[in-house]
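**Q** Each chain is listed here by its residues.
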Amino acid sequence: MFCVHCGTLQPPSADYYQFFGLKRGLALDAPELQRRFYELSRKLHPDRFTRKAAREQQYSLDATAILNDGYRALRDPLARAEYLLKQEGFDVGEQRGKDVPPELLEEVFELNMAIEELRHGGEDARGQLEEAYGRFLAMRDAIDKELDTLYRRFDDTRDRAVLQQVRSVLNRRRYVRNLVNEVEKELAPEGQPAQ
Amino acid sequence: MAYSNKVLDHYNNPRNVGALDRNDQQVGTGMVGAPECGDVMKLQVKVNPETGIIEDAKFKTFGCGSAIASSSLATEMLKGKTVDEALEIKNTVIVNELALPPVKIHCSVLAEDAIKAAIADYKKKNSVGNPAAAQVAQ
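Going down the list, the sequences are from chains A and B.
In this text, residue positions in the first sequence follow the numbering used here: the first is 1, and each later residue adds one.
In this text, residue positions in the second sequence follow the numbering used here: the first is 1001, and each later residue adds one.
One or more hints might be untrue.
[Claimed, not checked] EDC-like, lysine to aspartate or glutamate: derived pairs with alpha carbons at most 20 Å apart:
hint : chain 1 : residue 1 : chain 2 : residue 2
1    : B       : K1046     : B       : D1024
2    : B       : K1046     : B       : D1121
3    : B       : K1116     : B       : D1084
4    : B       : K1123     : B       : E1055
5    : B       : K1124     : B       : E1050
6    : B       : K1116     : A       : E103
7    : B       : K1125     : A       : E103
8    : B       : K1124     : B       : D1084
9    : B       : K1090     : B       : E1050
10   : B       : K1123     : B       : E1085
11   : B       : K1116     : B       : E1088
12   : A       : K185      : A       : E110
13   : B       : K1116     : A       : E186
14   : A       : K23       : A       : D47
15   : B       : K1124     : A       : E103
16   : A       : K86       : A       : D76
17   : B       : K1079     : B       : E1097
18   : B       : K1124     : A       : E106
19   : A       : K86       : B       : E1036
20   : B       : K1081     : B       : D1056
21   : B       : K1125     : A       : E106
22   : A       : K185      : B       : E1036
23   : B       : K1124     : B       : E1055
24   : B       : K1125     : B       : E1055
Think of the hints as simulated: they come from the structure by calculation, not from any bench.
My request is simple: use the sequences and hints to build the entire structure.
**A** And the structure:
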């Protein structure tokens, strides 16, 4: 990022992996990323460039923006996978559920029905919701384990078929996350008063 | 973001909310979803087997106002159409009718997908337009 000869700041790379000097992969050494983030934050801080040329000052601003966006994207395993998938030319966050298994849709639908009942004060629904909440948390944990395995497999094999699987598991994960949030909102004591 | 009056109208007074008996031979059920926004949409049609005309349509959608309005409008449009006419319904009609902004176009796409899924389910049940499948089933 800095010229090896004159030490001036060069235009920063917009590729997060390159920016942090990390190997492109789905599994990532989190403490190492954090270490580099702090180190780069110090080196690139715009305050250090106030007496430098205008061009270098601009690079430092650019670099700081990439630093923060990149850190946010890479430190979160889900955002990281989305970033890498996008780089590899996959459609990510596409708002159609083609990869969602029908059983999951059915389950999501039923749970939403239960949430609606609870909203209308049905106490029977509360037990159903609590049970569903536990089930969805367990589902989320299982998905995270599955992702972890897939991440390692991709890093080992660089097989695009694995990325395809990652993409579909991520879609599933989003649904489950939304459900967990939705149920938490309903179960919160400050929500609807018990009838 | 402000919703158009038409979206608000369908959102506040959704048409045809409810369910049809999914085990009924005449009923086709489509269940679709958008994981990104957590939306799920169930749309059902009841077809007259003699005429192929959709006599009833119901929906239940969990999602944003635009998703609810899109599916509500879809059920209104479906009634009185034949199953083949129903397959011609494009999401752009819904977009125009509801004046959906670009960020909400996917809601209309979801409604179109739901129509297609419901009709496909009906056809599968009745093996319409797919004689090969009917033969295999026998």
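**Q** With reference to the structure, classify each hint as holding or not holding.
**A** Against the structure, the hints:
Distance restraint check for K1046 (chain B) and D1024 (chain B): the Cα-Cα separation of roughly 9 Å lies within the 20 Å cut-off, and the hinted pair is therefore satisfied. Annotation: proposed proximity of K1046 (chain B) to D1121 (chain B) holds, straight-line Cα distance about 11 Å (limit 20 Å). Between K1116 (chain B) and D1084 (chain B) the alpha-carbon distance is near 10 Å, which keeps this suggested pair within the 20 Å criterion. About 15 Å separates the Cα atoms of K1123 (chain B) and E1055 (chain B), which keeps this hinted pair within 20 Å; it holds.
Taking the CA atoms of K1124 (chain B) and E1050 (chain B), the gap is about 17 Å. The hint holds against a cut of 20 Å. A threshold of 20 Å between alpha carbons decides the hint, and for K1116 (chain B) with E103 (chain A) the separation of about 18 Å falls inside it, so the pair holds. As the CA atoms of K1125 (chain B) and E103 (chain A) are separated by approximately 19 Å, the hinted pair is consistent with the 20 Å bound. Pair hint K1124 (chain B) plus D1084 (chain B) holds up; C-alpha atoms about 14 Å apart against a cutoff of 20 Å.
Straight-line distance between C-alpha atoms of K1090 (chain B) and E1050 (chain B) comes to about 26 Å, which puts the hinted pair past the 20 Å bound. At roughly 14 Å between alpha-carbon atoms, K1123 (chain B) and E1085 (chain B) fall within 20 Å of each other, so this suggested pair holds. Between K1116 (chain B) and E1088 (chain B) the alpha-carbon distance is near 9 Å, which keeps this suggested pair within the 20 Å criterion. The straight-line distance between the Cα atoms of K185 (chain A) and E110 (chain A) is roughly 17 Å, inside the 20 Å bound, and the hint therefore holds.
Note on K1116 (chain B) and E186 (chain A): the hinted pairing is violated, with a Cα-Cα distance of about 33 Å set against a maximum of 20 Å. Straight-line distance between C-alpha atoms of K23 (chain A) and D47 (chain A) comes to about 29 Å, which puts the hinted pair past the 20 Å bound. As the CA atoms of K1124 (chain B) and E103 (chain A) are separated by approximately 18 Å, the hinted pair is consistent with the 20 Å bound. Restraint check for K86 (chain A) and D76 (chain A): satisfied, since their Cα atoms lie roughly 15 Å apart, inside the 20 Å limit.
The hinted pair formed by K1079 (chain B) and E1097 (chain B) meets the criterion: a straight-line CA distance of about 17 Å does not exceed 20 Å. Between the alpha carbons of K1124 (chain B) and E106 (chain A) the distance comes to roughly 19 Å, so the proposed pair stays at or under 20 Å and holds. The straight-line distance between the Cα atoms of K86 (chain A) and E1036 (chain B) is roughly 15 Å, inside the 20 Å bound, and the hint therefore holds. Of the supplied pair hints, the one linking K1081 (chain B) and D1056 (chain B) holds, its CA atoms being roughly 10 Å apart against a limit of 20 Å.
A threshold of 20 Å between alpha carbons decides the hint, and for K1125 (chain B) with E106 (chain A) the separation of about 19 Å falls inside it, so the pair holds. Note on K185 (chain A) and E1036 (chain B): the hinted pairing holds, with a Cα-Cα distance of about 18 Å set against a maximum of 20 Å. Under the criterion of a C-alpha separation no larger than 20 Å, the hint pairing K1124 (chain B) with E1055 (chain B) is consistent with the structure, at around 18 Å. For the given pair, K1125 (chain B) sits about 17 Å from E1055 (chain B) by alpha-carbon distance, which is consistent with the 20 Å threshold.
Going through the hint list in order, the structure does not satisfy hints 9, 13, 14.
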